[in-house]
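Participant: Letter by letter, the chains look like this.
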Amino acid sequence: AQKVTQAQTEISVVEKEDVTLDCVYETRDTTYYLFWYKQPPSGELVFLIRRNSFDEQNEISGRYSWNFQKSTSSFNFTITASQVVDSAVYFCALIPGGSGYSTLTFGKGTMLLVSP
Amino acid sequence: ETGVTQSPTHLIKTRGQQVTLRCSSQSGHNTVSWYQQALGQGPQFIFQYYREEENGRGNFPPRFSGLQFPNYSSELNVNALELDDSALYLCASTTRTDHTDTQYFGPGTRLTVL
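Just so you know, the protein sequences line up as chains B and F, in that order.
Using our numbering, you'd call the opening residue of the first sequence number 1 and step up by one each time.
Using our numbering, you'd call the opening residue of the second sequence number 1001 and step up by one each time.
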């Protein structure tokens, strides 16, 4: 079975601060896929990034960056110079590579509040 | 824009009733998944359909059922509604790039059971 843990329930920062959202996962599959989604108050889950288990390169996209470390089973997400529009719930999720169909296992989410 | 739409946006039902939620995804997206998201929780997988056949199911009772149609639309049906069925129901359409599936979600239907 798979498990995704987001230990931070809620984080509050002031605009322009950097913030890191933690994600730790468990899976017995050697091939798997990790995701981050953003859920603003409107409710729609917005896809941010996908990372394959065989690709440990970190990635930067604008103010967003992701740090994938297989040794610690972590896939952390950093927002640099946070903005009020970044306020949302962020979910880390995993798809195991061994299943015959792709289903996302989500963490419980981290609510990020960015104040002006 | 993900190209995934859901209807209705909100719905209020009473315990014991039946409900049908609808989802429409982009042309060519053969796989649709449904998730239930209770308040303050992450989404939980209900089931997945591929080419109109159920392709996988999470830990949900049989009163949760679905259909997928040739026009890339799908339905989630819930019979004998219970108070705990109150949640946001999310539909996701799957695209495959670089041999990996990515699920794109619709805006969801918020169901309240009284």
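Since the hints were derived computationally from the structure, they do not count as laboratory data.
Check the hints yourself; a few may be wrong.
Unchecked claim - Think about it this way: if two alpha-carbon atoms lie no more than 30 Å apart in a straight line, the pair counts; the simulated DSS-like pairs of lysine-lysine are:
| # | chain 1 | residue 1 | chain 2 | residue 2 |
| --- | --- | --- | --- | --- |
| 1 | B | K108 | B | K3 |
| 2 | F | K1013 | B | K70 |
| 3 | B | K16 | F | K1013 |
| 4 | B | K38 | B | K3 |
| 5 | B | K108 | B | K38 |
| 6 | B | K16 | B | K38 |
What the hints assert, rightly or not - According to the in silico footprint, chain F covers these stretches of chain B (three or more CB under 8 Å from chain F):
| # | segment |
| --- | --- |
| 7 | 45 to 51 |
| 8 | 102 to 111 |
We put the beta carbon where it would ideally sit given N, CA and C, even for glycine.
Participant: With reference to the structure, classify each hint as holding or not holding.
Facilitator: Now for the hints, and whether the structure bears them out:
With a C-alpha separation of about 10 Å, the suggested pairing of K108/B with K3/B holds against the 30 Å cut-off. A threshold of 30 Å between alpha carbons decides the hint, and for K1013/F with K70/B the separation of about 45 Å lies outside it, so the pair is violated. Restraint check for K16/B and K1013/F: the C-alpha separation of about 44 Å exceeds 30 Å, so the hint is violated. Our distance criterion of 30 Å between C-alpha atoms is met by K38/B and K3/B, whose separation comes to about 19 Å.
For the suggested pair K108/B and K38/B, the alpha carbons sit about 12 Å apart, so the restraint of at most 30 Å is met. For the hint pairing K16/B with K38/B, the CA-to-CA distance comes to about 19 Å; that is within 30 Å, so the pair holds. Requiring three or more residues with a Cβ within less than 8 Å of a Cβ of chain F, the coverage given for the segment 45 to 51 of chain B holds, as 4 such residues are present. With 8 residues bearing a CB less than 8 Å from a CB of chain F, the segment 102 to 111 of chain B meets the requirement of three and the coverage assertion stands.
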